[in-house]
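Peer 1: Chain residues, written in single-letter form:
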Amino acid sequence: MKRIVNIVDEENNEGKYEIFCSFDSEITGKSYVIFTEYTESPSGTLLMKAGSYKEENDKLYVNTKLTAEENEMISNVLNTIINQATKNDKK
Amino acid sequence: MDEKKLKNAVYTTYKVFNERKKDGALQASGALANYMKYRDPNYFTSTNGARQDIIKYIAREELAVYLSRYLLRKATSERPRNHYESLLYQAIQRKKLEHISDRRIISELAYSMLGEEKNFFEQDSDKIAEIACQLFTDEVAYEKEEEAHRIQQEAQKQLESRFGVKNLRINPIAVNYCAQEVLDGTQISIQNDIKNNGNLEGRPARNYNLNDEMFATTDIGEKRKNQEDSVLIMYHPKNPKYKMLLVADGMGGHQDGEKASSQIAQKMYYWFNKLDTQLLSSERIGDLSREWTSQLQEINDEINKMYANAGSTFVGAIVGEENTLVASVGDSRAYFLGKDNELYQITSDDNPAYQVWKRRWGQPEARLTPQMLDAKKVEKDLLRFRKDSNRIHSAIGVGQYDVRPHYISVPNDQYSTLMLFSDGVTDCLSDTQIKAITQRTDYKKLSQMLVAEAIQQDSYIPRQYRNDGDYNPVIQGGKDNATVAVLKNKQGDER
Chain A
0 MKRIVNIVDE
10 ENNEGKYEIF
20 CSFDSEITGK
30 SYVIFTEYTE
40 SPSGTLLMKA
50 GSYKEENDKL
60 YVNTKLTAEE
70 NEMISNVLNT
80 IINQATKNDK
90 K
Chain B
0 MDEKKLKNAV
10 YTTYKVFNER
20 KKDGALQASG
30 ALANYMKYRD
40 PNYFTSTNGA
50 RQDIIKYIAR
60 EELAVYLSRY
70 LLRKATSERP
80 RNHYESLLYQ
90 AIQRKKLEHI
100 SDRRIISELA
110 YSMLGEEKNF
120 FEQDSDKIAE
130 IACQLFTDEV
140 AYEKEEEAHR
150 IQQEAQKQLE
160 SRFGVKNLRI
170 NPIAVNYCAQ
180 EVLDGTQISI
190 QNDIKNNGNL
200 EGRPARNYNL
210 NDEMFATTDI
220 GEKRKNQEDS
230 VLIMYHPKNP
240 KYKMLLVADG
250 MGGHQDGEKA
260 SSQIAQKMYY
270 WFNKLDTQLL
280 SSERIGDLSR
290 EWTSQLQEIN
300 DEINKMYANA
310 GSTFVGAIVG
320 EENTLVASVG
330 DSRAYFLGKD
340 NELYQITSDD
350 NPAYQVWKRR
360 WGQPEARLTP
370 QMLDAKKVEK
380 DLLRFRKDSN
390 RIHSAIGVGQ
400 YDVRPHYISV
410 PNDQYSTLML
420 FSDGVTDCLS
430 DTQIKAITQR
440 TDYKKLSQML
450 VAEAIQQDSY
460 IPRQYRNDGD
470 YNPVIQGGKD
480 NATVAVLKNK
490 QGDER
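Residue numbers (numbering that gives the first Met the number 0), protein chains in the order written: chain A, 0 to 90; chain B, 0 to 494.
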């Protein structure tokens with residue numbers, strides 16, 4: 000998957016976003032993506048969003064309305080990645 | 000931004016990151032994003048006012064770590080070449096350090112080494128900044144690749160069993176794997192370590208993709224024991240609209256051929272990184288070719304000094320403001336697919352038979368009848384079957400005193416796809432085959448497809464030439480290392 004992609008949300012808003020990671024879930028059978036807003040000159044804090052997605056014509060159609068279980072799973076994915084990154088940083 | 004504020008900003012980011020992660024992953028996201036930006040070398044090299052300050056800060060705080068890792072990689076892969084490398088090499092031998100991960104020891108070593116150099120840190124801060132910037136960019140990119148891979152693997156392991164997470168992909172942050180492997184020397188030696196990597200199923204191919212714009216594939220082939228081809232695709236650090244692609248095909252016994260081609264790729268990487276972007280304007284194309292020749296001459300002299308009979312062919316392209324300048328030495332070729340969807344060979348082979356063919360058919364095609372055009376095509380394709388097709392009269396190194404590259408400049412809006420080849424591909428594929436593959440293949444898979452076809456297909460000479468002693472009746476697919484670099488030029492793409 001590209002680093003910078005056009006994402007269309009559930010309300011049909013389209014914008015450029017930077018992908019942090021993506022994965023598939025065997026439990027829900029869906030694909031998920033975690034992303035932030037994309038800016039040419041980043042500054043300040045960026046909010047990270049997540050949702051399930053389908054890819055069509057180089058665009059990601061993302062649904063950010065997730066169930067509690069899905070939210071928990073995404074939190075766990077992110078936590079695991081952060082923990083791994085931190086572990087490496089402490090070396 | 001003054002140093003104190005900067006230092007605070009960096010530490011605050013760390014602090015916020017560390018605090019927020021306790022509160023839940025999504026809340027930590029902003030800090031994580033900042034953290035990743037901090038780790039991103041592109042952030043530091045972007046043209047913002049804080050750049051120099053950041054670099055200077057990093058120079059003092061982190062130079063030793065990055066320098067030491069750089070030296071460690073160098074010292075363990077080749078003989079030490081200077082005072083720093085020699086010191087570190089001795090230290091490594093003494094302490095039997097085998098892994099880069101022992102940061103503390105390595106950092107201490109580097110500090111002590113630098114300390115011996117007359118108060119290194121008191122030297123001109125701009126100079127330190129420049130060194131640090133280069134090392135930082137190289138090392139962070141290298142580290143980031145390893146780190147992302149490791150994090151991905153570890154996280155996947157944990158998440159799969161607990162949450163049924165599959166295919167976790169953490170997006171790499173624009174790392175140029177091709178350049179990294181050229182610089183650390185693994186591109187040419189990696190074929191023994193990897194199996195089933197890349198889309199050439201079951202083959203030890205290396206595939207590279209830079210932002211879905213530049214692509215490269217290199218494969219050892221079926222017969223050779225060494226990978227003597229080197230390939231490099233890269234952007235100019237100051238502006239990504241300027242690009243360079245090159246293929247070098249090593250020649251010479253033992254492993255010297257691969258060293259020669261690798262050396263060309265490495266030196267060209269550093270040269271292009273520092274190349275004055277003013278030379279990339281269309282008015283300065285003459286100056287650019289002179290600079291390029293002078294650099295190739297320098298590399299030629301170095302290779303001649305280091306290796307008795309080793310050398311390499313070379314084909315490279317520099318994409319400038321409005322034109323692409325292509326240089327070639329030997330029989331590595333460049334082609335482009337024009338706006339008219341036709342395939343054109345841009346370069347001339349430094350091969351006697353090719354030169355004869357070119358002299359015979361060099362006139363504009365408009366003057367040729369259809370029969371003559373067919374004959375031209377047939378004769379061109381016969382060249383690769385000639386027994387003397389591997390004889391070239393120009394190369395870099397191999398004891399040659401002078402390097403005389405051929406240059407040709409192509410307007411950027413005249414082509415949609417630019418391709419560079421080692422002869423392992425062009426010996427096995429005719430121009431007609433290259434054209435057909437280029438037209439039918441998605442450009443993202445083009446370099447892989449061309450290499451795969453060159454390895455897998457045998458070519459047979461037309462029946463009437465089968466008993467002619469000047470020709471080989473069959474060219475076996477994969478007889479040589481096969482390498483392709485591709486640039487998808489959106490400016491010239493009207494397809």
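Everything labelled a hint here was simulated from the structure, so no lab data went into it. Treat each hint with caution, since some may be false.
Straight-line alpha carbon distances no greater than 25 Å define the calculated DSS-like cross-link-like pairs of lysine-lysine that follow [to be verified]:
(1) B:224 <-> B:478
(2) B:487 <-> A:58
(3) A:15 <-> B:357
(4) A:29 <-> A:58
(5) B:444 <-> A:64
(6) A:58 <-> B:444
(7) B:487 <-> A:29
(8) B:240 <-> A:58
(9) B:443 <-> A:15
(10) B:434 <-> A:15
(11) B:489 <-> A:15
(12) B:357 <-> B:386
(13) B:443 <-> B:386
(14) B:443 <-> B:338
(15) B:478 <-> A:53
(16) B:165 <-> A:58
(17) A:58 <-> B:443
(18) B:434 <-> B:375
(19) A:48 <-> B:165
(20) A:58 <-> B:489
Peer 1: Now tell me if each hint is right for this structure.
Peer 2: Evaluation of the provided hints:
no.: 1; hint: B:224 <-> B:478; in the structure: holds, 11 Å
no.: 2; hint: B:487 <-> A:58; in the structure: holds, 20 Å
no.: 3; hint: A:15 <-> B:357; in the structure: violated, 50 Å
no.: 4; hint: A:29 <-> A:58; in the structure: holds, 16 Å
no.: 5; hint: B:444 <-> A:64; in the structure: violated, 36 Å
no.: 6; hint: A:58 <-> B:444; in the structure: holds, 20 Å
no.: 7; hint: B:487 <-> A:29; in the structure: violated, 33 Å
no.: 8; hint: B:240 <-> A:58; in the structure: holds, 24 Å
no.: 9; hint: B:443 <-> A:15; in the structure: holds, 22 Å
no.: 10; hint: B:434 <-> A:15; in the structure: violated, 35 Å
no.: 11; hint: B:489 <-> A:15; in the structure: holds, 20 Å
no.: 12; hint: B:357 <-> B:386; in the structure: holds, 18 Å
no.: 13; hint: B:443 <-> B:386; in the structure: violated, 35 Å
no.: 14; hint: B:443 <-> B:338; in the structure: holds, 19 Å
no.: 15; hint: B:478 <-> A:53; in the structure: violated, 43 Å
no.: 16; hint: B:165 <-> A:58; in the structure: holds, 21 Å
no.: 17; hint: A:58 <-> B:443; in the structure: holds, 17 Å
no.: 18; hint: B:434 <-> B:375; in the structure: holds, 16 Å
no.: 19; hint: A:48 <-> B:165; in the structure: holds, 20 Å
no.: 20; hint: A:58 <-> B:489; in the structure: holds, 19 Å
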